[in-house]
Each structure stands twice: as C-alpha cells, then as structure tokens.
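Given these sequences and hints, build the entire structure.
2 protein chains.
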Amino acid sequence: MQQKWKKFSQTLERCPMFHGLTEDEIMDYLICSKAELKEYSKGQIIISQGEKINKIGILLSGRAEATKIDPYGNAYLAAQVTESHLFADLLAAGEGKESPVTVIATKDSSACMIPWKSVLLRCDKNCHKHDIILENLIKVFSNKFFDLFNRIDCLTARKVEDKVLTLLEKHRKDGENKVILPFDREGMANYLAIDRSALSRELSRMKEKGIIDYNKNEFIIK
Amino acid sequence: MQQKWKKFSQTLERCPMFHGLTEDEIMDYLICSKAELKEYSKGQIIISQGEKINKIGILLSGRAEATKIDPYGNAYLAAQVTESHLFADLLAAGEGKESPVTVIATKDSSACMIPWKSVLLRCDKNCHKHDIILENLIKVFSNKFFDLFNRIDCLTARKVEDKVLTLLEKHRKDGENKVILPFDREGMANYLAIDRSALSRELSRMKEKGIIDYNKNEFIIK
DNA sequence: GGTGGTAGGTTGCAAATGCAACAAAAATGG
DNA sequence: CCATTTTTGTTGCATTTGCAACCTACCACC
Chain A
1 MQQKWKKFSQ TLERCPMFHG LTEDEIMDYL ICSKAELKEY SKGQIIISQG
51 EKINKIGILL SGRAEATKID PYGNAYLAAQ VTESHLFADL LAAGEGKESP
101 VTVIATKDSS ACMIPWKSVL LRCDKNCHKH DIILENLIKV FSNKFFDLFN
151 RIDCLTARKV EDKVLTLLEK HRKDGENKVI LPFDREGMAN YLAIDRSALS
201 RELSRMKEKG IIDYNKNEFI IK
Chain B
1 MQQKWKKFSQ TLERCPMFHG LTEDEIMDYL ICSKAELKEY SKGQIIISQG
51 EKINKIGILL SGRAEATKID PYGNAYLAAQ VTESHLFADL LAAGEGKESP
101 VTVIATKDSS ACMIPWKSVL LRCDKNCHKH DIILENLIKV FSNKFFDLFN
151 RIDCLTARKV EDKVLTLLEK HRKDGENKVI LPFDREGMAN YLAIDRSALS
201 RELSRMKEKG IIDYNKNEFI IK
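Keeping their order, the protein sequence lines are chains A and B.
Take 1 as the starting number for the first sequence in our numbering and just add one per residue.
Take 1 as the starting number for the second sequence in our numbering and just add one per residue.
Heads up, some of the hints might be wrong.
Note that identical chains are pooled: a pair holds if it fits in a single copy or bridges any two copies.
Here are the simulated DSS-like cross-link-like pairs (lysine-lysine), alpha carbons at most 30 Å apart as the crow flies [as the list claims (entries may be wrong)]:
1. LYS52 - LYS173
2. LYS129 - LYS4
3. LYS209 - LYS68
4. LYS117 - LYS170
5. LYS52 - LYS222
6. LYS7 - LYS207
7. LYS173 - LYS34
8. LYS129 - LYS117
9. LYS97 - LYS159
10. LYS159 - LYS144
11. LYS107 - LYS222
12. LYS129 - LYS139
13. LYS68 - LYS139
14. LYS52 - LYS170
15. LYS209 - LYS129
16. LYS207 - LYS42
17. LYS178 - LYS52
18. LYS38 - LYS173
19. LYS209 - LYS52
20. LYS173 - LYS129
21. LYS173 - LYS97
22. LYS68 - LYS222
23. LYS129 - LYS97
24. LYS34 - LYS97
25. LYS97 - LYS222
26. LYS216 - LYS34
27. LYS170 - LYS42
Simulated from the structure, these hints should not be mistaken for laboratory data.
This is the structure in structure tokens:
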C-alpha cells in the first residue's frame, strides 16, 4: 500500500527536509504524517494566488513555477520548483495567509503533500524524526530568507550597473572571478526588476568599459 | 538569582516567541535555556556585519536598528528592533552564515540572548514548552518572510508611482481607504529604494492627479 | 541544408529618475 | 517665544531607464 513512495525514495532522500534520515525513516514519516501523492499534468495549477494553504509540498518529479500576477495583470516569475525541493512551506507555516503566487506545473509532475499540522505535531511514539525534520525545516527557512535578502540587496541598488555588480558579487564563490548565473537574460532582468533591453544595453556598456566580460550566463569580473 | 528577568516579565510575555506561555513557564524556559541578560548603551554595536551569530535576541528595553553598509560605503536602514521583539533569529538559524547587517542600539537597551542550540534542543524533562516555542518561532519566520516578500513586491514595480501604490495596498486594512505608514519620508524612500526628493515629487503629482491624498505618513487612497 | 522559433543585442526617443541645491514647514530645546 | 535642527517639498538639469521596434545569432527539427 505504501509502495507509492518507493519509486521516489531517491528524490525524497535529497529533499532538505529529510537530511539525516534514512530511507526507512522517511517512509515511516510519510505514513505517520498522512502524506498524499498528487499528480499534476503540464499546465495544471497547483496553487492559486490568493488560496490558503495548509500542506507543504515536495516535488517528486517534473517541474513547476511560482508566478505572481500584479494588479495590472503582468505576470512575473517568482521562483522555480525543481525535483526534491520544497514548496508552499513558508506559506503553510503562515497558517491562513493567502498565497502571493500561483504555482503551476510546467511539466507533468508529481508531488508529495504533507499536512502542515502533522509537520508541527509530534506523534505518539514520540520519535526523534520529527525533531530532525523540524530542525531541517528551520534551516530551509533560514536559507530562503537569506535568498530573499540577497535579492533585496540587488533590488535596492539605484542603477542597473550596481544591480548587476551586486548580483555578480552574491554569486561569486570567494576568490573566483568567473561567475555563472542561473538565469537567462530575461530571467536576470526579471530578478533585478529591470527591462531586458536596458539590461542588455548596460551589460554591453560594462563590457566596453572593461569592468566585466561575459558570454551567455557566464560572467567574468575584472 | 533568576530575579533578573522579573522586571521584564511583561515585555517577555509580549514576545511572539512566548505566545501562549505563562510568566512562570517563560522564566523556567529562560533558566533552562541558559539565557543571558545583556546591556547595551546608546550607540553600541550589538551585532557587526559579517559576524557569525549563534544566539537569538529579544529586546527587553530600549531600541535598536539593523543597518546595512553597501560596498560603496552607504548605510541603509534594514530594520527597526523594538521592545519585546526578536532579532538575529533567522541569522542564528542560519548557523554559520555571516550577518548581512550591523545591529546597533539607538537607545540604552537591554536584551535577552538565548543560545540557538537550546532553542532547538528539547530538555530532559521533555516539557511541552519547547514545542510551543518552536512553533511560535516558525510563525515568526513565516511572518518575516511575508514581510520581505511584500517589500520585494514594492521594489519590483518599475515606476515610483507603482511602488507607492503597491506599498499603500500592502498596508491597507481591507475596506479602509486611510493608510498609516510606519515611516517618515526618508524611511519610505529607503524602503522603496528611491530618492527621497523623487518620492516627494511623485507624491505631489499623485495628489494633484487626485489618486491619493496625504498628510505626513497618513495617506488616503481614492 | 532549410526553416521556424527563441534568446539576445541594438537603437531612437520620450519619460522617469537621481542628484544637488534650495525653500518651506514643523519639531525640538532651551 | 525664539533659535536651531530636522523633516519635507520644490525645481532644474543631466542621466538613466523603459518601451517599442527591429535585427542577429543560434538551436532544434524536419
């Protein structure tokens, strides 16, 4: 009966929520927490903007995107959800807050949905798993927080050039001058909240000025 | 000996981390978690940018500010810390991450510092307090996350007018047209990452266009 | 090897913004 | 109540940016 999780065990083990747990412990946990397996076909909405959420999700296969629609109707990509990663975690933790984003499957996907209540509650057996998981979750939250903070750092720069430099600095592994960004140009422009063509223009200028060099999403800081 | 917390009991009870606990339970917890009482005089640095933090703090009296110094040497106000509120929480949860901000006491202040390890660990007595506190903490994290998200929403608007409107919308209690912002003009400009004078100009225009009216930090949306 | 599609670069122009310097108004402290 | 300081508003100007339209390079697919 609980075989349904078996084929995803590798993916589940990679989920940061389960770091430090064995496959068996994870399986136990999923049963004890009444996790559900959900399937979504490409294009299907997983969470709607404005919806209230009480489950957290782990993407088991496929891919999803969180997009935000502003009051004027423009859609912005807010986040990518990839295999083995959590989504709706901070949302569920908000208990009653409305989702600021719409999450949509961009490929046929499956996800493990765990009721938030059972993430918080300890089970009768008083097993140690719950503690580890909560601790892991807190770590995840902290990381997401730092990510947002980093983005804000980029966004608060007043000029495109400064935004770009801040972004590069954030992705720079210490010492290295080569930086590989996880965006294409449009993604990068979106992340920095600037016009794509304005970004291209500025990148060209910066290259000409000799501050940076680049090729696609590979940048060199000089 | 543990009388040192007594005079702050009111403040501690208001701390979101302790919601749902009685005064006695809080006192117990502070002892069991080896909390320390720290005093800071006005102007003193509580946390330095770049420092690694392993305690969370509750401001018991006074006031503090988190400021961020960018690579060009400009200082930005990142957050205000007021009585009974947590600080360094997500930082401590980051375990090993460097503080992106400097926290400085803007008045003579005192704070309760709790080792992060003891926030996570359950004590021998296996008391229920720890669970409540962890749960509260997660709620706090979620709230802070939404705050950041809201700010990003403001920052990603491409025009000053849209930034202002987004900000007002976020602070609007449903139905009401009157919005009271927790900033002065400079604070507001900082939050939105725009020039103060540009903000003033745009606010005047918006008033003239009849979209809003305002007086100090009190705004009316029409 | 052609073809269609997509990502990225370029450019002109109008509009928006940063910046600096100053003016006005309000708060503060004697 | 006056003097001083702080906060807020105003304005001119140079710069930056958004926007739209178009071009080019590259890639996948037949």
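Against the structure, the hints:
no., hint, in the structure
1, LYS52 - LYS173, "between (38 Å within a copy, 18 Å between copies)"
2, LYS129 - LYS4, "within (21 Å within a copy, 36 Å between copies)"
3, LYS209 - LYS68, "between (36 Å within a copy, 28 Å between copies)"
4, LYS117 - LYS170, "between (35 Å within a copy, 28 Å between copies)"
5, LYS52 - LYS222, "between (47 Å within a copy, 29 Å between copies)"
6, LYS7 - LYS207, "neither (48 Å within a copy, 61 Å between copies)"
7, LYS173 - LYS34, "neither (40 Å within a copy, 36 Å between copies)"
8, LYS129 - LYS117, "both (15 Å within a copy, 17 Å between copies)"
9, LYS97 - LYS159, "between (34 Å within a copy, 27 Å between copies)"
10, LYS159 - LYS144, "both (25 Å within a copy, 27 Å between copies)"
11, LYS107 - LYS222, "neither (39 Å within a copy, 43 Å between copies)"
12, LYS129 - LYS139, "both (15 Å within a copy, 21 Å between copies)"
13, LYS68 - LYS139, "both (25 Å within a copy, 23 Å between copies)"
14, LYS52 - LYS170, "between (33 Å within a copy, 18 Å between copies)"
15, LYS209 - LYS129, "neither (55 Å within a copy, 59 Å between copies)"
16, LYS207 - LYS42, "neither (39 Å within a copy, 46 Å between copies)"
17, LYS178 - LYS52, "between (42 Å within a copy, 26 Å between copies)"
18, LYS38 - LYS173, "neither (37 Å within a copy, 36 Å between copies)"
19, LYS209 - LYS52, "neither (49 Å within a copy, 36 Å between copies)"
20, LYS173 - LYS129, "neither (33 Å within a copy, 41 Å between copies)"
21, LYS173 - LYS97, "between (36 Å within a copy, 14 Å between copies)"
22, LYS68 - LYS222, "between (35 Å within a copy, 25 Å between copies)"
23, LYS129 - LYS97, "both (27 Å within a copy, 25 Å between copies)"
24, LYS34 - LYS97, "within (23 Å within a copy, 34 Å between copies)"
25, LYS97 - LYS222, "between (45 Å within a copy, 26 Å between copies)"
26, LYS216 - LYS34, "neither (45 Å within a copy, 52 Å between copies)"
27, LYS170 - LYS42, "neither (33 Å within a copy, 32 Å between copies)"
Hints 6, 7, 11, 15, 16, 18, 19, 20, 26, 27 from the list above are not met by this structure, while the remaining hints are.
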